[in-house]
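Chemist: Sequence:
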Amino acid sequence: MTSTTLDARASGTYDILDLGTVHRLGFGAMRITGDGIWGEPADADVARSVLRRAVELGVDFIDTADAYGPDVSERLIAEALHPYGDVKIATKVGNTRTGPNQWVPVGVPAYLRQQTELSLRKLKVETIDLLQLHRIDPNTPRDDQFAELAALQKEGKVRALGLSEVTVEEIEAASQHFTVATVQNRYNLTYTDAQDVVDYCEANGIGFIPWAPIASGELGKPGGIVAEIADRLGATSSQVALAWLLRKSPAILPIPGTGSIEHLEENIAAASLELDDNTFAAIAEAAQA
Numbered sequence: 001m002t003s004t005t006l007d008a009r010a011s012g013t014y015d016i017l018d019l020g021t022v023h024r025l026g027f028g029a030m031r032i033t034g035d036g037i038w039g040e041p042a043d044a045d046v047a048r049s050v051l052r053r054a055v056e057l058g059v060d061f062i063d064t065a066d067a068y069g070p071d072v073s074e075r076l077i078a079e080a081l082h083p084y085g086d087v088k089i090a091t092k093v094g095n096t097r098t099g100p101n102q103w104v105p106v107g108v109p110a111y112l113r114q115q116t117e118l119s120l121r122k123l124k125v126e127t128i129d130l131l132q133l134h135r136i137d138p139n140t141p142r143d144d145q146f147a148e149l150a151a152l153q154k155e156g157k158v159r160a161l162g163l164s165e166v167t168v169e170e171i172e173a174a175s176q177h178f179t180v181a182t183v184q185n186r187y188n189l190t191y192t193d194a195q196d197v198v199d200y201c202e203a204n205g206i207g208f209i210p211w212a213p214i215a216s217g218e219l220g221k222p223g224g225i226v227a228e229i230a231d232r233l234g235a236t237s238s239q240v241a242l243a244w245l246l247r248k249s250p251a252i253l254p255i256p257g258t259g260s261i262e263h264l265e266e267n268i269a270a271a272s273l274e275l276d277d278n279t280f281a282a283i284a285e286a287a288q289a
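Mapping to the UniProt record's numbering: the sequence shown position 181 is 181, numbers consecutive.
Any given hint could be a false lead.
[To be verified] Simulated restraints, written as ranges between beta carbons of each label pair:
no.: 1; residue 1: Q288; residue 2: E79; range: 39 to 49 Å
no.: 2; residue 1: H82; residue 2: N139; range: 34 to 44 Å
no.: 3; residue 1: Q195; residue 2: T127; range: 44 to 54 Å
no.: 4; residue 1: S175; residue 2: E265; range: 34 to 44 Å
no.: 5; residue 1: P222; residue 2: V108; range: 46 to 56 Å
Source of the hints: derived by calculation from the structure; they are not laboratory data.
Ideal Cβ placement from N, Cα and C applies to all residues, glycine included.
Sequences are here, hints too, so could you generate the full structure?
Modeler: Spelled out as structure tokens, the structure:
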């Protein structure tokens, strides 16, 4: 059992289109902000320490968004890690914030451009590694949103482009404007509605970034199969959930997030946790049920 090994590099690698190779287990920087993903964290020094520790443990792919805080997550990342070296920073635009836990999609092209320019400034870079459309704004023609992202890429302001919470049809529509490098949808042991998107991404060389990756619901509670497997392997339910995702598809790039070094280290240990065929199948069967 190797769940105590702390090295994100054990998760293997994935080649993101237009960007390059990253280790599959990354870090999501949403929860280094305040409650409700709003405002400053309780302790900014701790938040910066978590980011630095993630990189020390082999993480070279960090996902954030202008909406996290808003602006707080991007600023803390720059304060903790700039210059980034081999670490790739992905961010997102297209969601405005009107208060704690409130998210409003805005895809007006001028707004997407403004927020991209601001992200460049906050992250202290001349080119964003990966820019993702946080949500397709239903009140703005989607082709206008896609075209603006393509223009930003053509101008050299971003290297790679991605989408979040989209269907296969929407991926194909966006692909008429730019190469879709990544898709970020909700996906975990207890929520597999995006399975068709996962399959499409794997078949088309698109990285799939599952958000809420460690959710295991009843399966992870005492008596649940994930909890039982975790006990048998000397691991935690969260580690089993992440290991299951890493095994589920080579295109999956989990980005578990936290504001705690202890929880970060627990998540990173999942990179070294191997599930044999029978264990993986048993979890998959329970998840389907």
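Chemist: Which of the listed hints are broken here?
Modeler: 3
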